[in-house]
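The sequence shown maps to residues -30 to -1, 1 to 409 in mature numbering (1 follows the signal peptide of the UniProt record, and there is no 0).
Calculated from the structure, these hints are not laboratory results. Some hints here could point you the wrong way.
Claimed, not checked - Label-pair restraints from in silico Cβ distances:
id, residue 1, residue 2, range
1, 211, 162, 54 to 62 Å
2, 248, 215, 35 to 43 Å
3, 178, 20, 53 to 61 Å
4, 189, 229, 37 to 45 Å
5, 114, 53, 15 to 23 Å
6, 287, 45, 50 to 58 Å
Values in this document were obtained by computation on a predicted structure and should not be read as measured data. Beta carbons are placed, not taken as given, at the ideal position from N, Cα and C, and that holds for glycine.
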Amino acid sequence: MFGRRARRARFAVPALLALALAPLPSPALAATPPPDVKIEIVGLDPNDNSKVLLRATNVGPSWSQNTSVQLETIPPQAGATVTLPVDNLNVPGSPDYNKNDRYYDEVDDIVYSLKAPCLPGVKVRATLATAKAYDGTPETNLADNTAEREPCPAAGNADAGMAPLEAKPGAPADRPRPVPNLAPFSVPITLPTTGQAPTPAAPDSTSPGQHTLTLGVRMSRFAAQSNIFSDFWGGCGRYGPFPGPLRGQVGFANTELPDGSRCGAVNLQVALSFDDGPLRQITSLRIDTATLTYDESPGASCPLVTGQVTPCWSGGSGRPEHKPNGCVEIELPTVDWINSPPPGLISYSTNPKPTTKRLDPRTWDVTEPFSWQLNPRNRPLTPPGAPDAPSGFGFLMAGAIHIDQLDGNDNTVCISQVSNARLHITYTVFPDGRPPVVK
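With the hints as extra help, turn the sequences into a complete structure.
Structure representation (structure tokens):
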């Protein structure tokens, strides 16, 4: 009996060991819930109605991997069929939201460019590719993966297609949205004039001797550009289509938000061409002096950020600040803004010659550049390799700081309303049509 029992026991040990080493059944893993990404056609860019704004939003319970959206127009001639990327999208309402980190955002804003400004009847169709969770679980609700809308304003309805977005999830509700950055603007304007009109040419203005003449503005053009530094919808303010009330003013602005984060920058310019026709009728003359004068006052309205009252003349703190020399600098354009105007800011010369010199806050000596513009033969020879000095493009009223140098890190604003621009000329007509020989 003992011997049999012992033999059975000897065989029982390996059997128990085999059971111990056998793989146990795996516990069931919880399935990752699928993400759900919704695509919306928001409307037109307020500053460019050839651009359509869209938004992809994760409305599901799981983080979504980056995907893509296909965009097309009906009719197809209005825009190319393109596929644009959609970023990783976080779980809605996540405490990890960080508007400065695209991997912790719940929305992705997309811009689709049409071939031309949007016309009534044009539709945009967006088709979102199936989104996936981090482990590859695909979304199952595809009903909100397509959108179709006619964003273009119908005739007589300028606001159609411009529906605003709600605030970005997780962003402060009282913080307005910015317009898209780098918005250029350019349009002919009539500079305001009050008081005495320019002096007409006297009957003897072509006779030998010295004469004076005041020239009025023949043509003027307003040019501007805004730059938004904050993220597309979340950080900075939107005060309406640019330039709005800033149109026709001159200067620059830096803007930051109340929490100290940088917001945007603005440059405003007015180009001037004076009516020099009476002088061009004279065979031989010499420009003795040319002074450019104008009236200037703080801008009438500077709504740079929604919810903030911004003085048009202010220091870095945003408090009103007197500007003894105003906000206008007289520059020399380097492009033919009269016949071929650029879409935004007008470039100007940085050469030391010809010179413009401020005589007082509203008066500039422009004798040398005007003499060159009236007769290019008055220009000296350009040294080899040096850029040609500008001639023939009039004058530019611009701010002291170019938009490339503005960073939106304070609230310095220097924007002025200008009027009554005049060019006062003293010139000499020579008796025989030729200047005297200098011995």
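Status of the hints after comparison with the structure:
1. Our hint of 54 to 62 Å for residue 211 and residue 162 is violated, since their Cβ atoms are close to 22 Å apart.
2. Distance hint for residue 248 and residue 215: a CB-CB separation of about 37 Å, consistent with the stated range 35 to 43 Å.
3. Under the hint 53 to 61 Å, the C-beta atoms of residue 178 and residue 20, about 58 Å apart, fit the expected range.
4. Distance hint check: the CB atoms of residue 189 and residue 229 are about 44 Å apart, consistent with the given range 37 to 45 Å.
5. A hinted range of 15 to 23 Å for the beta carbons of residue 114 and residue 53 is consistent with their spacing of about 19 Å.
6. At about 54 Å, the beta-carbon gap between residue 287 and residue 45 stays in the expected band of 50 to 58 Å.
When each numbered hint is compared with the structure, a violation occurs for hint 1 only.
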